[in-house]
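Working from the sequences, and respecting the hints, build out all of it.
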Amino acid sequence: MIVTSKSRWWAIAASLPITALVLAGCAVETTPEATTTMESSAPTEEPVTLVVQFEVPEDSPAARGWKAVADVFEDMYPNVTIELSGITNEAKGGPNLQVLTSNGAPDIGLIPLNSNVYTQMLRAGELVPLNDVFEADNFPDRLGPASAALLQADGNYYAAPNTAAYYNVVYTNPAVLKAAGVTIPANRVFESPAALIEAGKKCSAAGFAGLAFGGGTNYMSGWMFDAGLATAVPSEDFTNYISNWKSNVDITADYTAPGVEAVLDALESYANAGLYQSGYLAQDGPASEALFTTGGACMLLSGSWLPGGVFTTATESGEMSFEPSFAVLPPVNNVGAPSRLQPYYGNAYGIPMQSKNHAWAKKLLQYYISDAGQLLGQVEAAGVLPAVTTVDISASDSFSPLLKEIVAYVAEYGSNPGWTSELPGALGQIYIVPLIQQLQEGRITSAEIGVLMQAELVKFRAEG
Amino acid sequence: MTNLGKQKNPKELSPSKFRKNKVGLGAVNRRWAIISLVPVAGLLFIFLALPAMYSIWLSFNKWPGIGTTKFVGTQNYETLFEEGRLAESIRITLLYTFTTSFLIVGIALLLAFAVSSNMKGSRFFRVVWFFPGVAPPAAVAIFWSLGFQPDIGVVNSVMGLFGLPSDTQWLAESATVMGPVIFAGIWIGVGFAFLVLLGAVEGIDVSLREASMIDGASRRQQLTQIVIPLIGPVLFTILTLQLIWNFNGFNLVFAMTDGGPGRSSEILPIFTYIEAFRFGRFGTASAAAVIGAIFLLILGWLGIRMSRSRQLD
Amino acid sequence: MITRIGRISAYVAVIAWTALILLPFFFVSLFGLKSNTAIFANPLGIFDFVPQWQNYVTAWNAGPSSDATIGVFFTNSAIIAITALLTSLGVAVPAAYFTSFLTRQWNQRILLAVIAGTVVPIILLVIPYFRAFNELGLLNNTVATGIIYGSLNIPTAFLLMNRFFIDFPREILEAALLDGLGPLGTFLKLVLPLSKGPIVAVSILNLVFAWTDYQISIVLLNRRDSQPISVGLLSFIGDFSADYGPMFAGLALASLPVLLLYIIFSRYITKGIALGGMSK
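Residue numbers (the working numbering), protein chains in the order written: chain A, 1 to 464; chain B, 1001 to 1313; chain C, 2001 to 2280.
Treat the hints loosely; a few may be bogus.
For lysine-lysine, the following DSS-like pairs were computed, each having C-alpha atoms within a straight-line distance of at most 27 angstroms [what the hints assert, rightly or not]:
hint : chain 1 : residue 1 : chain 2 : residue 2
1    : A       : Lys246    : B       : Lys1070
2    : B       : Lys1062   : A       : Lys459
3    : A       : Lys459    : B       : Lys1070
4    : B       : Lys1062   : A       : Lys246
5    : A       : Lys67     : A       : Lys246
Restraint ranges, calculated between C-beta atoms of paired labels, are given here [stated by the list, open to error]:
hint : chain 1 : residue 1 : chain 2 : residue 2 : range
6    : B       : Ile1056   : A       : Thr445    : 33 to 43 angstroms
7    : C       : Val2143   : B       : Phe1071   : 28 to 38 angstroms
8    : C       : Phe2026   : A       : Val72     : 38 to 48 angstroms
9    : C       : Arg2223   : A       : Gly144    : 29 to 39 angstroms
10   : C       : Gln2054   : B       : Phe1071   : 50 to 60 angstroms
Hints listed in this document are in silico derivations from the structure and should not be mistaken for laboratory results. C-beta atoms are modelled at their ideal positions from N, C-alpha and C, and glycine is treated no differently.
Given below as structure tokens:
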């Protein structure tokens, strides 16, 4: 059989160079260097293809935004072709690290700021400094206070957020709430955990789920922790919590403090009181959203990307037949700040060192974060909030009125930073969510989580 | 009831008897054996042995996924043993592996026995029962995840029909989460095991079974006293394969539960994945994998020994 | 006497099991026709919903880029699967055959060595593969990835074929020898045609692995136009918005070719997969 010999020769031929190289790779651990063979000078006139990452699915706001921006950019610069490459939510926090540091790296990569991918790429010098891009159109000023967190210790910027999202938004179904006899306070904030539980009980009695949320995901339980932490500890302690993961910041607040325990106790009480939908610990975001849009739940925990996305499509297709409103989770107690929504600038874009088109990638990124690009990509095409504060969204027709309300609310009342969105994922979200899930099942106590968290913090700092 | 200790080879000459006659066949073919084993050795070395060695080396280092590695000796192993998570993961893995594998083989054996007695439509069953094996794991995971949902899931609906409790939150409780996962694993795995066991069962001389029937044996006695002893080696081979596959299985469980809730379905491959790709601790992940590999080697060795001791030539 | 009850209960069990096997396929295809609401609010409904035929169109068009269809993913899967099959069979089958002529001790030792290869969890193989392929510029190369899948299947293929060949009747081989066929000739012209059953079995295992695995593909094939269907499907499932309808439609479409292929080739598995002894 000719096939047999061919396979055999393939094997032998392939084996030798691969063996040699793998052995070479093992023997010497080389950092992929920031090579000077990459183009760093002005963009050329020759045809160039830029690969840009976005998060699937294909019709997500991010995808729509990039498509719109890409079309306009390609018109402006006919020699440029832009190729969009989708990555999954799972990949962007983990395996994408390998892709972004390989020689097939995209030109613009999706790098969540609170992921291990960002942490590692910074440490290894695998991201192109973006100072020139930021300074060209005054991005730090246009971004506002959020830009402070982007500036790294070496004075450089390495990633640019494209959208501001607010999470821990409690969407409400007014008709269902009324049927259950639940009223939301005028300032939209539940007075206390007991009040939220009470609302949940009334909803259950009326045959609806109380608060639908994706308890099975590896991040949403962390959101609820975020909502409570700022309200339960004094503000200096809170500031320490969100920054003492850096080894140059002293630890002045301990996770074994009563405030932290109070937050976890509140989460435990929500679970014990049956506040959430049946089977929530195994459901993801879309499942809880579907329950809500089809009128099965009083409330839904999600974020500001919903009005322009799922709500719009659900209403258009006739699935959703009501106008949702929104509320805010209660403060755990009155020790800390009042309860507010949390902002997330985390889905950011950077340029891998391994990209072969630094200059053009920078140009594209600059356009993407310019006012024009933000207006087009985020507001008009995607229906989400731009990261910059200098774009006027009130005039936009394509913007959902609900989203405008949320923006107005934040403008009036402010927001609280979120612990899981500030901390590196390996220490924050990834570590605590399984613990909270165990707490919700009664397999661990709040006090134990505090102890574990503190130990993990110490370990994380020690590793530098 | 005659208990036959040796399977009669229908062609009379047994291979081992023939080997003793060596000559001709043996020597020349032995040369070819060495030649043909070279590509096997080559490919297995490159794609299995080398990466395995790399992983073992990595388990004594710290590596975040890119950049430099840092040698730390046995620290990774010590950390794993101190924290209870690895032990828990291994417990869950063994539970999943053994339950799924034995149930797969058991059900497949019953099905093979049921179908082999020239049941009508057996050709149809042979073809159809393997469908789950070729379905994309993503599809299977999503379907059964939906199927085990408390309110809208098909499983609870069916249980309700039979008067059984119908509101179990299968995937949302650590006590019950392994149920759906094992169920889905069995659903996928029975097909292939069935085909293999069917071949073995049908290879048994029909006259043996007829003789036993005339002797008045019930179907159960036929099964336990004739079929099982005769297909022993095949049974152990397929069981060993299932144990290995299920121990290393990742796709299905990951897609159904992500290791949760609260790490309660975190089989070892998922533990390794999370350690490496979410926490960025490739050294510890490699150490966990090495420990898992040791378990597997023991399992595989046991399986082959048991199948060898029953080999009848 | 085989009791009536015995027969009937056997039939009941068999039919129940068949229903358990087939219904999910039916429902997945049905889910492909439903809207999100219908899937969540009324999953078991068969007639009382509005069929969204466009879901299947959406799924078909959801290829790697705006002008490529899902067919690209299928082609990639096919290339990977065929390469894997050729590698695995081409290397493992002759080796399993000739090894069966060694002494029983040597056979066992080689078998153990080969099986030892299956203990490495794929998760950890992925990183060394990635690094090596990165250095060699073999990322996004479907043929190279196919070779990996084939190589990973060698232990199983070897194990199953070796068992079969050990029990292969020697006098047939003896007769061939007398006829003047050399070892290779005997293997190619006589043994292989008689080994269809186990070879098909091994091929099925190999194909299923290469077709459905995504751990290796997702890392080694990160450009969309080189991705197989197992990875391409994942793009339907987002975490912040999911189109379950088109996703299920996509899953149904993805299962179809393999199912059809299997139905076609199943006639070689006439009497189940005979692992030991010759099927009559």
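* Does the alpha-carbon distance linking Lys1062/B and Lys459/A stay inside the 27 angstroms limit? -> holds (14 angstroms)
* Asked: Regarding Ile1056/B and Thr445/A, is the given constraint of 33 to 43 angstroms on their beta-carbon distance met?
  -> holds (38 angstroms)
* Asked: Does the structure keep Lys459/A and Lys1070/B at a Cα separation of 27 angstroms or less?
  -> Holds. Lys459/A to Lys1070/B sits at ~16 angstroms (cutoff 27 angstroms).
* Asked: Between Lys246/A and Lys1070/B, is the straight-line Cα distance small enough, at 27 angstroms or below?
  -> Between Lys246/A and Lys1070/B the Cα gap is close to 21 angstroms, so the pair holds against 27 angstroms.
* **Status of the given 50 to 60 angstroms range, CB of Phe1071/B versus CB of Gln2054/C** => holds (57 angstroms)
* Pairwise hint evaluation, Lys246/A against Lys67/A, where the allowed Cα distance is 27 angstroms at most -> violated (37 angstroms)
* Starting from the hint 28 to 38 angstroms, judge whether the C-beta atoms of Val2143/C and Phe1071/B obey it. => holds (37 angstroms)
* To do: Could you say whether the range 29 to 39 angstroms given as a hint is met by the Cβ separation of Arg2223/C and Gly144/A?
  => holds (37 angstroms)
* Asked: Is 38 to 48 angstroms a correct range for the gap between the Cβ atoms of Phe2026/C and Val72/A?
  -> holds (46 angstroms)
* Asked: Does Lys246/A lie within 27 angstroms of Lys1062/B when you go C-alpha to C-alpha?
  -> holds (20 angstroms)
In this structure, only the earlier hint numbered 5 is contradicted, and the remaining ones agree with it.
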